[in-house]
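**Q** This is what each chain is made of:
Protein chains: 2
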Amino acid sequence: MSTFKKRYLLTPGPTMIPPAVVEARAKQLPHHRTPQFYELIKSVHERLKPFFCTKNDIYSLSASGSGAMEAAVMSLLSPGDTAICIDGGKFGHRWVEMCAAAGANVVTIKVENGHAVDPQSVATTLQQHPETKAVFTQFVETSTGVIFDIKSIGGHVAKTNAVLVVDAISGLGTQEFLPDAWDVDIVVAGSQKALMLPPGLGFVSVSPKAWKLIDAAKNRAFYLDLRRYRKGHESGEHPFTPAISLYIELNEVLTMIEQETVEGMWKRHAWLAEATRAGIAALGLKLFAEQPANALTAVAVPNGVDGGKLVKTMRDDLGVTIAGGQAELKGKIFRIAHLGYIDRFDVLTGLAALEMALKRQHYSVEIGRGVTAAEKVLVNDPQ
Amino acid sequence: MSTFKKRYLLTPGPTMIPPAVVEARAKQLPHHRTPQFYELIKSVHERLKPFFCTKNDIYSLSASGSGAMEAAVMSLLSPGDTAICIDGGKFGHRWVEMCAAAGANVVTIKVENGHAVDPQSVATTLQQHPETKAVFTQFVETSTGVIFDIKSIGGHVAKTNAVLVVDAISGLGTQEFLPDAWDVDIVVAGSQKALMLPPGLGFVSVSPKAWKLIDAAKNRAFYLDLRRYRKGHESGEHPFTPAISLYIELNEVLTMIEQETVEGMWKRHAWLAEATRAGIAALGLKLFAEQPANALTAVAVPNGVDGGKLVKTMRDDLGVTIAGGQAELKGKIFRIAHLGYIDRFDVLTGLAALEMALKRQHYSVEIGRGVTAAEKVLVNDPQ
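Chains as they are written, first to last, in numbering that gives the first Met the number 0: chain C, 0 to 382; chain X, 0 to 382.
It is worth saying that the hints were derived from the structure and are not from the lab. You may find that some hints are simply not true.
Copies of the same chain are indistinguishable here, so a pair counts whether it falls within one copy or spans any two.
The calculated DMTMM-like cross-link candidates involving lysine to aspartate or glutamate, where the alpha carbons are at most 20 Å apart (straight line), are [to be verified]:
(1) LYS375 x GLU365
(2) LYS5 x GLU251
(3) LYS158 x ASP117
(4) LYS5 x ASP342
(5) LYS4 x GLU259
(6) LYS150 x ASP182
(7) LYS4 x GLU22
(8) LYS5 x GLU259
(9) LYS158 x GLU130
(10) LYS41 x GLU175
(11) LYS4 x GLU251
(12) LYS230 x GLU45
(13) LYS308 x ASP380
(14) LYS358 x ASP342
(15) LYS4 x GLU262
(16) LYS48 x ASP182
(17) LYS41 x ASP315
(18) LYS89 x ASP380
(19) LYS375 x ASP316
(20) LYS208 x ASP80
(21) LYS217 x ASP80
(22) LYS54 x ASP182
(23) LYS5 x ASP380
(24) LYS266 x ASP316
(25) LYS5 x GLU262
Nothing here was measured: the structure is a model prediction, and the numbers come from that model.
All chains, full assembly: derive it from the sequences and hints.
**A** Below you can see the structure in the form of structure tokens.
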């Protein structure tokens, strides 16, 4: 086996990093308590709004996406509050665990792996629990590759006093998501997805309706108390020592995003997803997600193939890292992401590596068939 | 057209740069008149020997490959000396021009574009010009993608008093080249090829036979006088202010090369070249080179295709930079390099981009056909 290989990262976070961002990282770091850095923080928070498609203020935490999720939970809920959590996979289950840890009365809407939540079930559950303070869900459930119908869910939640909190960590920037029009109160995002940055920054946008609940809540958090982030927000003073280098990189990547536009990002991800699905179909493989997201494609491991070994061959022998299944889906699915700093040739690389790895397990696969199907989509630019 | 694209560099220099090298570049630069830097220079010069497959000392110049070529010419030749130059393309012609500029009596062996020199013609020309001081040739003529039979040429030159100077800039590290066994006296190399570095460093290895001629020559050079480089060589003292950052990067890349081994590099380039040629053949296109090198594949532009536009579409619309033809070959050939920091998926990317660009000119091409043929070679590791 050749020791020489490049590394391709086709996982649903972290994603690959644009060279311009890597170069920005090499710059000398400014101190965070300087007028220059205050301006930078203020500027990136404003420039994130078109990416989020929101007029609400956006707050940033030196934390992973889960830290930002917990900031929403801890800031909104008081012990004993009722929270509805949609659990359609690993990350939905994380909402359940976080709300329980916060002392909430958790009402879980369990959704089968690979399926999307029925928005009507949210309406019904809200009727059954009129005391509900907040509804927690995913935009894209990363563990299954499913996209949820946030617009419909938002319509139901908006009719109540409850706020809607959406983990848009994997989905934001990959397909249409309009939090203000769809009545989403809190959007949670992370740096290592469509934002094309290393992990380490979490983001939370907060609506006036959510702030009311936060201000009334008995918050037991400190680092994750969103009110602390609101305090110096206008002047660009971060409440803690921020992850300075990531802000420098964020500043850099926002220029790329402004050039492409968020609508351009949606189109690109739709196109990459369409090509990937065409490749998977041409290989005779089955999509796992009922409503597949544009951020990643989850595929059922076919009979006779060792799913763990498939991922390992692609990563260790071919240099192409994709994700396997998590928890009970381990070995049953694999997930190819087309998320972030990805262009048409990365999709071809992912499918070629998949074909090679299937061949190495003596699975009946026609080399080039999936790649060709994808290339037929990718020969044209995104529409 | 989408503004978002990655950049792929599939040209015969400069090549893509490994991430580890880019990161090494971000380090603080040491001063070059320090014991630490002397050690570094000494070390990289020694570590380059296995890459060159020579026991001769290797000297480095802050210069492009052409600067290193001229250092050989200016150091070896005195005005009026006879030099035989093999001119099989743009870079062979450069030898002719440099030797003429040095005041030499130039005997040119003209080789048709796309063809390899007949080693016997070198033997004949040497017999006709027994006063010849040096024979200048290419290992790989980059402008046509042709490889020359240096082993046979070396056998003929070794029987005379002349020295053999080989421009191995594009070829070194991409296929077997044994200067000591083949009686090559001076090997010229550059940083931006199989060495995977940015341009800016030129290298020259010098045999004892060549040193004798250099020491006897009336050298009119200063910066390009190889004797100045020999002076501080043992202690690591560079005669001029060296391009420090490139030495830091060279130090980094040598570790990668030692891991792969030079034989591993030859195998990888042979495999990438084989796959590229298979893809080109499957598309019904014709190779331009009679004896194709493993560093790059030159292809005749087919009838009905605008060669300049093809290269432009690949670069500007698809992000994949290949090289067109130079001088009289402009518009007649294109050249896809598989040289340096390149793996199997880059070859697929290059061929996919070629297919897409041909399609955009309404050339009859079956999308996926070339890629599939290449993938069938690349599904197995290099042998």
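**Q** All the hints need checking, so say for each whether the structure fits it.
**A** Hints, one by one, checked against the model:
1. LYS375 x GLU365: For LYS375 and GLU365, the Cα distance is within 20 Å both inside one copy (17 Å) and across copies (10 Å).
2. LYS5 x GLU251: Intra 25 Å, inter 16 Å, cutoff 20 Å: inter-copy only.
3. LYS158 x ASP117: within (17 Å within a copy, 86 Å between copies)
4. LYS5 x ASP342: Intra 16 Å, inter 6 Å, cutoff 20 Å: intra and inter.
5. LYS4 x GLU259: Between copies only: 10 Å across, 30 Å inside.
6. LYS150 x ASP182: Classified as within; 8 Å inside a copy, 75 Å across copies.
7. LYS4 x GLU22: between (22 Å within a copy, 18 Å between copies)
8. LYS5 x GLU259: between (27 Å within a copy, 13 Å between copies)
9. LYS158 x GLU130: within (13 Å within a copy, 99 Å between copies)
10. LYS41 x GLU175: Neither, since 25 Å and 58 Å both go past 20 Å.
11. LYS4 x GLU251: Classified as between; 16 Å across copies, 28 Å inside a copy.
12. LYS230 x GLU45: Close inside one copy (16 Å), not across copies (60 Å); limit 20 Å.
13. LYS308 x ASP380: For LYS308 and ASP380, the Cα distance is within 20 Å only across copies (18 Å; inside one copy 34 Å).
14. LYS358 x ASP342: between (25 Å within a copy, 19 Å between copies)
15. LYS4 x GLU262: Result: close only across copies, 16 Å inter versus 34 Å intra.
16. LYS48 x ASP182: within (16 Å within a copy, 67 Å between copies)
17. LYS41 x ASP315: Classified as neither: same-chain Cα gap 42 Å, cross-chain 35 Å, threshold 20 Å.
18. LYS89 x ASP380: Classified as neither; 34 Å inside a copy, 37 Å across copies.
19. LYS375 x ASP316: between (27 Å within a copy, 16 Å between copies)
20. LYS208 x ASP80: within (16 Å within a copy, 89 Å between copies)
21. LYS217 x ASP80: Classified as within; 10 Å inside a copy, 93 Å across copies.
22. LYS54 x ASP182: within (12 Å within a copy, 73 Å between copies)
23. LYS5 x ASP380: between (26 Å within a copy, 14 Å between copies)
24. LYS266 x ASP316: between (32 Å within a copy, 17 Å between copies)
25. LYS5 x GLU262: between (31 Å within a copy, 19 Å between copies)
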